[in-house]
Amino acid sequence: MAILSYGKALQRALRDEMGLDDQVLVLGEDIRVGVNNVTTGLLAKFGEERVIDTPLSEQAFTSFATGLAMAGLRPVIEFQIPSLLFLVFEQIANQAHKFSLMTGGQTRIPVTYFVPGSGSKTGWAGQHSDHPYSLFAHVGVKTVVPATPSDAYGLFVTAIRDDDPVVIFAPAGALHLREDVDIASLAPVPLGVGRVHRPGDDVTVVAVGHLVQVALDAAELLADQISVEVFDPRTLHPFDWAGLAASLEKTGRLVVIDDSNRFCGLGAEVIATAAEGMRLTTPPKRVTRPDGAVLPFARDLDMALQPGSGQLINAIQEVVKAAR
Amino acid sequence: MSIDATLYRTIRLIRRFEERAIELVNTGEIVGGIHPYIGQEAIAAGVCAALRDTDIITSTHRGHGHVLAKGADPVRMLAELCGRVTGLNQGRGGSMHAADFGLGIYGANGIVGAGGAIAVGAAWAKRRQGHDTVSVSFFGDGAVNQGVLLEAFNLAALWRVPTLFICENNGYATTLTTEAAIAGSITERATAFGIPAITVDGMDAHAVLDATRTAVELARSGGGPSFVECRTYRFDAHHTWEHKARVRYRPVEEMETGRLRDPMEIQGALLDPATRAEIDAEIEELLEHAVDFARSSASPDPARAMDYLYATGPLGRDGTGLAVA
Numbered sequence: 001m002a003i004l005s006y007g008k009a010l011q012r013a014l015r016d017e018m019g020l021d022d023q024v025l026v027l028g029e030d031i032r033v034g035v036n037n038v039t040t041g042l043l044a045k046f047g048e049e050r051v052i053d054t055p056l057s058e059q060a061f062t063s064f065a066t067g068l069a070m071a072g073l074r075p076v077i078e079f080q081i082p083s084l085l086f087l088v089f090e091q092i093a094n095q096a097h098k099f100s101l102m103t104g105g106q107t108r109i110p111v112t113y114f115v116p117g118s119g120s121k122t123g124w125a126g127q128h129s130d131h132p133y134s135l136f137a138h139v140g141v142k143t144v145v146p147a148t149p150s151d152a153y154g155l156f157v158t159a160i161r162d163d164d165p166v167v168i169f170a171p172a173g174a175l176h177l178r179e180d181v182d183i184a185s186l187a188p189v190p191l192g193v194g195r196v197h198r199p200g201d202d203v204t205v206v207a208v209g210h211l212v213q214v215a216l217d218a219a220e221l222l223a224d225q226i227s228v229e230v231f232d233p234r235t236l237h238p239f240d241w242a243g244l245a246a247s248l249e250k251t252g253r254l255v256v257i258d259d260s261n262r263f264c265g266l267g268a269e270v271i272a273t274a275a276e277g278m279r280l281t282t283p284p285k286r287v288t289r290p291d292g293a294v295l296p297f298a299r300d301l302d303m304a305l306q307p308g309s310g311q312l313i314n315a316i317q318e319v320v321k322a323a324r
Numbered sequence: 001m002s003i004d005a006t007l008y009r010t011i012r013l014i015r016r017f018e019e020r021a022i023e024l025v026n027t028g029e030i031v032g033g034i035h036p037y038i039g040q041e042a043i044a045a046g047v048c049a050a051l052r053d054t055d056i057i058t059s060t061h062r063g064h065g066h067v068l069a070k071g072a073d074p075v076r077m078l079a080e081l082c083g084r085v086t087g088l089n090q091g092r093g094g095s096m097h098a099a100d101f102g103l104g105i106y107g108a109n110g111i112v113g114a115g116g117a118i119a120v121g122a123a124w125a126k127r128r129q130g131h132d133t134v135s136v137s138f139f140g141d142g143a144v145n146q147g148v149l150l151e152a153f154n155l156a157a158l159w160r161v162p163t164l165f166i167c168e169n170n171g172y173a174t175t176l177t178t179e180a181a182i183a184g185s186i187t188e189r190a191t192a193f194g195i196p197a198i199t200v201d202g203m204d205a206h207a208v209l210d211a212t213r214t215a216v217e218l219a220r221s222g223g224g225p226s227f228v229e230c231r232t233y234r235f236d237a238h239h240t241w242e243h244k245a246r247v248r249y250r251p252v253e254e255m256e257t258g259r260l261r262d263p264m265e266i267q268g269a270l271l272d273p274a275t276r277a278e279i280d281a282e283i284e285e286l287l288e289h290a291v292d293f294a295r296s297s298a299s300p301d302p303a304r305a306m307d308y309l310y311a312t313g314p315l316g317r318d319g320t321g322l323a324v325a
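Chains A and B supply the protein sequences, listed in that same order.
Heads up, the first sequence is in full-length UniProt numbering, so the first residue is 1 and it goes up one at a time.
Heads up, the second sequence is in full-length UniProt numbering, so the first residue is 1 and it goes up one at a time.
Careful, some of the hints might be misleading.
One-sided excerpt, in silico: chain B residues whose CB lies under 8 Å from chain A [said to hold, decoys possible]:
1. ASN26
2. GLY28
3. HIS97
4. TYR106
5. GLN129
6. ALA152
7. ALA311
8. GLY316
Simulated restraints, written as ranges between beta carbons of each label pair [stated by the list, open to error]:
9. LEU322(B) <-> GLY72(A): 34 to 40 Å
10. LEU260(B) <-> GLU90(A): 55 to 61 Å
11. ARG160(B) <-> GLY123(A): 40 to 46 Å
In silico SDA-like pairs for lysine to any residue, Cα to Cα no more than 25 Å straight-line [stated by the list, open to error]:
12. LYS250(A) <-> ARG317(B)
13. LYS250(A) <-> TRP159(B)
14. LYS45(A) <-> TRP159(B)
15. LYS244(B) <-> PHE101(B)
In short, the hints are calculated from the structure, not lab data.
Don't be surprised by glycine CBs; every beta carbon is placed ideally from N, CA and C.
Could you put the whole structure together from the sequences, leaning on the hints where they help?
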């Protein structure tokens, strides 16, 4: 066994895939230096035609990657801050995502859009702290948010091998995580298959990315009163609805903790779907950022708007109490 | 076929294709209307005559001319405009997204300026794969005000990507005149990035062809991108809705003057009348067949409306929540 950090897992996934398939290349800002450490060492190993530092031209290099993909390559783009995805929403949601359908299946766009450090990094303020996964799931782009180092490895590998555009968000709040794993056992994780991190009987908590750890901590704190099941969908689109239904068959109660703005966020979708056709014995609850939130700079203000463990514990207790 | 005859045939094909398409818009057989290319045909004809089948183009919302000139089957193209399952894109793309990847036609595009960076990426990829492929990005004068296109100029020049930027300056971005929209000159947008740029008469297919040949040679020999501004005039509406909306923004005198230099007549005058009549007759027959083919082709099955959304197959739920996969 070895200690694998979340960042090392990402680095290993990218390096492994570039080693296996010479059509895979990575481009983005400051990646040769590797300011996020994910691309560190790749230039020396794979050369400058496969590790491309781009000018600060997000829109152009995002569609440049679409052109690469149409011509047969498998580009990975590293975005240094999550809010840059707003700048290239046209190029991803309106171009890359739509080409397969619009052309009657004539082309495929196997581009991976990778964000190592999404969500609040505390103190990075309004334009560097978004966690826009709900937006991409909403438009139908395959959307992935790994919670652990081994899932980060397995989902990144799968995203790179996938023939469609995939956005993979590595939450800033998960980058510090380390896991004791057998490196040889690291394997691709399929899209659309969730993971029960902790089994329980009283309530299902759906948590994504760094919030899985928050949910696990809450479950542990409540362990002597409430049996909490922590369900991590791992990929938001496709979503493991069957996995959620199976969990609710057992618990009948649902809380979602979601680092999206409340309005039209992932949490809303999970609860709507559960209400439409799954077993719920009490009204569900969600813990989210506020409607339309913009994270303020000051630490206490930033923290105040993020969904956290205190709110989650309250929500779990209320949902369970409602049934008793 | 002589180059004169080839250029004329392409221009004539585009012209008559569009005239037939407008008839089908008027009868309701083409839904959603089209952006007519009439008047600008010499550009597509001249540019594509300098390209190989393996070269790549990205096109615009006004894309019929580019797609046909690059060699797409007019019969399947018309079926696409009519939304038939036999169309180039099986009725999924229509006028603004017509594509034929087998012929290097990487799609017309509904977003102004969006094809530029895609073309640069495609050419870069082909070069890396060891091919001497050239890509061409067609766009209008309106697109030079799109930031992504200017970013694409920078990438192409910086990395010496074999791309041709073909600007069709027809004087209007929808209804806004070029003078009211563009500060400085169009070609200086390119020369600022070190991209050689020239302006040619876009009504003269030979002038366009000559400029394109020079640019293609430069690109294939590793010299990087070129920019060609083709001055032209759009004879018809920005979009066929103008006929219904009765939008007025061009002086009648200007339209009449603009139509005097008709690329079809300019190129047609270079042929002997018998050759020209023969080409005309062949195209009429071809388009008659295309219309019949489109009319007799099936519409796509509504149950297949989400087909092709993902390369890897169906994904997610339908609009009532039922699982698709």
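Structure-based check of all given hints:
{"no.": "1", "hint": "ASN26", "result": "violated (25 Å)"}
{"no.": "2", "hint": "GLY28", "result": "violated (23 Å)"}
{"no.": "3", "hint": "HIS97", "result": "holds (4 Å)"}
{"no.": "4", "hint": "TYR106", "result": "holds (6 Å)"}
{"no.": "5", "hint": "GLN129", "result": "holds (7 Å)"}
{"no.": "6", "hint": "ALA152", "result": "holds (5 Å)"}
{"no.": "7", "hint": "ALA311", "result": "holds (4 Å)"}
{"no.": "8", "hint": "GLY316", "result": "holds (6 Å)"}
{"no.": "9", "hint": "LEU322(B) <-> GLY72(A): 34 to 40 Å", "result": "holds (35 Å)"}
{"no.": "10", "hint": "LEU260(B) <-> GLU90(A): 55 to 61 Å", "result": "violated (39 Å)"}
{"no.": "11", "hint": "ARG160(B) <-> GLY123(A): 40 to 46 Å", "result": "holds (41 Å)"}
{"no.": "12", "hint": "LYS250(A) <-> ARG317(B)", "result": "holds (24 Å)"}
{"no.": "13", "hint": "LYS250(A) <-> TRP159(B)", "result": "violated (58 Å)"}
{"no.": "14", "hint": "LYS45(A) <-> TRP159(B)", "result": "holds (21 Å)"}
{"no.": "15", "hint": "LYS244(B) <-> PHE101(B)", "result": "violated (34 Å)"}
Of the numbered hints stated above, those contradicted by the structure are hints 1, 2, 10, 13, 15, listed in ascending order.
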